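Chains as they are written, first to last, in UniProt numbering: chain B, 1 to 461; chain W, 1 to 376.
By construction, these hints were calculated from the structure, which means they are not laboratory data.
Heads up, none of these hints are tricks.
Label pairs and their in silico Cβ distance ranges:
{"#": "1", "chain 1": "B", "residue 1": "P457", "chain 2": "W", "residue 2": "G88", "range": "57 to 65 Å"}
{"#": "2", "chain 1": "B", "residue 1": "E332", "chain 2": "W", "residue 2": "D60", "range": "28 to 36 Å"}
{"#": "3", "chain 1": "W", "residue 1": "G88", "chain 2": "B", "residue 2": "S356", "range": "48 to 56 Å"}
{"#": "4", "chain 1": "B", "residue 1": "L69", "chain 2": "W", "residue 2": "G88", "range": "27 to 35 Å"}
{"#": "5", "chain 1": "W", "residue 1": "F125", "chain 2": "B", "residue 2": "S86", "range": "32 to 40 Å"}
{"#": "6", "chain 1": "B", "residue 1": "S336", "chain 2": "W", "residue 2": "I240", "range": "56 to 64 Å"}
{"#": "7", "chain 1": "W", "residue 1": "L227", "chain 2": "B", "residue 2": "L69", "range": "47 to 55 Å"}
{"#": "8", "chain 1": "W", "residue 1": "M350", "chain 2": "B", "residue 2": "S259", "range": "42 to 50 Å"}
The list that follows gives simulated cross-link-like pairs (lysine-lysine, DSS-like), each with its CA atoms no further than 27 Å apart:
{"#": "9", "chain 1": "B", "residue 1": "K416", "chain 2": "B", "residue 2": "K199"}
{"#": "10", "chain 1": "W", "residue 1": "K363", "chain 2": "W", "residue 2": "K245"}
{"#": "11", "chain 1": "W", "residue 1": "K62", "chain 2": "B", "residue 2": "K215"}
{"#": "12", "chain 1": "W", "residue 1": "K41", "chain 2": "W", "residue 2": "K78"}
{"#": "13", "chain 1": "B", "residue 1": "K245", "chain 2": "W", "residue 2": "K62"}
{"#": "14", "chain 1": "B", "residue 1": "K215", "chain 2": "B", "residue 2": "K416"}
{"#": "15", "chain 1": "B", "residue 1": "K245", "chain 2": "W", "residue 2": "K86"}
{"#": "16", "chain 1": "W", "residue 1": "K295", "chain 2": "W", "residue 2": "K237"}
{"#": "17", "chain 1": "W", "residue 1": "K239", "chain 2": "W", "residue 2": "K363"}
{"#": "18", "chain 1": "W", "residue 1": "K239", "chain 2": "W", "residue 2": "K295"}
{"#": "19", "chain 1": "W", "residue 1": "K62", "chain 2": "B", "residue 2": "K216"}
{"#": "20", "chain 1": "B", "residue 1": "K405", "chain 2": "B", "residue 2": "K416"}
Quantities reported herein were computed from a predicted structural model and do not represent experimental measurements.
Note that beta-carbon positions come from the ideal geometry of N, C-alpha and C, so glycine has one too.
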Amino acid sequence: MGFLGKLNHSFLGFHQRNSSLVSPIDESYRNAVVVLNNAMALFSVRCSESTLAEAQRDSRYDEHENQILDFPGGQVTFTSEMRFISESPEKRTKCYQVLDDNGRPILGTSFQPLSKEFAVRMYSNMVTLQTMDTIFYEAQRQGRISFYVTSNGEEAINIASAAALTFDDVVLPQYREPGVLLWRGFTLQEFANQCFGNKGDNGKGRQMPIHYGSKKLNYFTVSSTIATQLPQAVGAAYSLKMDSKDACVITYFGDGGTSEGDFHAALNFAAVMGAPVIFICRNNGWAISTPTSEQFRSDGIVVRGQAYGVRSIRVDGNDALAVYTAVQTAREMAISEHRPILIEALTYRVGHHSTSDDSTKYRPVDEIEHWRMARDPVTRFRKWVEWNGWWSDEDESELRSSARKQILHAIQVAEKVEKPPLSDLFTDVYDHLPSNLLEQERLLRETIKRHPQDYPPEVPM
Amino acid sequence: MLGIIRQKVGSAGFPASIVGQALQRVRPTAFASRNYSTAAKEMTVRDALNSALDEEMSADPKVFLMGEEVGEYQGAYKISKGLLEKYGPERVLDTPITEAGFAGIGVGAAYYGLRPVVEFMTFNFSMQAIDHIINSAAKSNYMSAGQLSVPIVFRGPNGAAAGVGAQHSQCYAAWYGSCPGLKVLAPYSSEDARGLLKAAIRDPDPVVFLENELLYGESFPVSAEALDSSFVLPIGKAKIEREGKDVTITAFSKMVGYALKAADILAKEGISAEIINLRSIRPLDRSTINASVWKTNRLVTVEEGFPQHGVGAEICMSVIEESFGYLDAPVERIAGADVPMPYAANLERMAVPQVEDIVRAAKRACYRSVPMAAAA
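Looking at chain B on its own, in the form it has when it is part of the complex (with noise of 0.2 Å):
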């Protein structure tokens, strides 16, 4: 059969099969219109058949009539349609959130369940970070120690986040997110003895407060620079990765923390290298006084992940269950699939960015108060563990008495520690001392020795 009497064929058929359709008039004109299409198409492929064998090396159709093309990097497919990708989303990506604000689940949802032992040591938790911020702070007001960072607010992206991990998971935290470490086992004591920097300290008195660090608990220490730890957390994931453990790397940043060129690298490195690592970022609203609406122009964090290949979700970062999900099932994800994932928490952060700081000179003092009371996580948590059935009153004056009496009794025995001994100025700059510190160490105890009135009576020698 010719050309035509193909399409004469197939326009009969057609015809013939849809006869209970609406008039015939407006039907042959359809078919006509689709079949001459057809045609049209068949027809300009036919014409340049010394083109034909080229062409379909690297172009397809697809079912739209719309050709694809291989580019390095994967298919692509045209249009003739100049349409470009708005700069904002219509809808702002939805936030996952179990709990209401009276700690009820809201129907529907679905979460990780919890035993009443494990809930309750999380609450536990919580109020203990919460106590030891604002004794810290206390402390730091009264000249105590030089310096504190408190994260109130985010008690629980910090508590549920290390509920969700084994303690096999390698933590590289920004600076907010001490609670992770109290979680782990990290004793007030310990707290108090780096913050005032003394022998008990197993940062030997080289840093500031808050910048702790435990091996034994794999929580490596804090650093100030922002974001470096990003791109470090997918170092030691791919590590982990060549080991084939069963672990993975959670690493913390702020919204601030997502402008540096590490986060892009980290982001874009980890996607690359399939490294499994949470990357879960506090969007807390804050950089100091640089609000979010200043630090960037895209729907806050969780929309950048996709454009880097990485599995992302924005979840309710004052909800301790939803975090607590998002996050165990983010760990599943990223060790059985060796992938990387981002967690968006939107939180707020109440306190001051430190003790340098003084928030309401940048920000409404009623909107302060507005999170600190309205949107407690803590407050949140404990509704729901009451509802539950699980809490009381009682226990809750009890438990935050007791812990405000530890935090007490951590400062005033870490306050009378004496200071390390004048050899940890020397040490651990290499592994092992060099001969030209020895020599500076042994110069020093001398001029010490020599003149004991110029030089502090507290550093043990």
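On the provided structure of chain B, position chain W as indicated by the hints.
Frame of chain B; chain W shown alone:
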């Protein structure tokens, strides 16, 4: 790649043939100054580095190489030739273009316990990553009180090549050499390259390993001992390349070759120069340098980098601190010109030290020439 010098050594006294565009400075007598026998094995610096990497990766499965073009391309300067094929993509990683990114990733892997070797295409690009080198690698062991050790090696070509302009020619010896927590090495010969790279990879501290692009193609004799897979050189020990008694000349990397040539010229004028190949910028081998000054009483420091706050300034101060009474003349400092490196070949030649500059400085130190600047 411009400026690769390849010297084929014949029997003593016979002029060598030189391949590639280059500084044609080789004279027959130059070879007499090298301690070699005609039966000794020769090896280029490139092969020395490649064999060192190969042996260390083979001996320790924790060692891995990371950088731009190190894998499929066999290395931007072919230093990692054959390694991807031998060890696979898990141990030879081609990285995306982000020095800050892969330096940070290397540090993270080192924190965990691996032993990364991070290659910078040149150390000029390491400035992108210098925060990770200094604040993450150098200081972590101290800041964490020994909990986070960083057994990492950062390596790559350093200093001027030939005709690559200002952003590709800076010497970083002084920058990294000033930072406690780092070890900084600068090999000259193939034996240096092998022994020091192996030592660097085995070292538990972060090491900055400054190679030189123009030396990659240069051949040096290597002893049988140096070819053994257990061969390492001690970090922090300089080598006396040539003994002398009239003036001490310190140098590192490519400048050692220039200093040796200067020594030949000086010998003809009756000045016996002692050439010290520093090998290690940090820790600096102050005892070797000072012992030499006690012997010769005169010092010339040579480096390619910028003069202010340079390696020579530190050596001079060290000698003043320990050996002031032994100096019979002011210390002479030869360094690169205090300008961003120009591109034009004639200007570039004026911006880096030449053999003649070293000869004149040595003569000044020996009070054998008219001073360059009029005295007050």
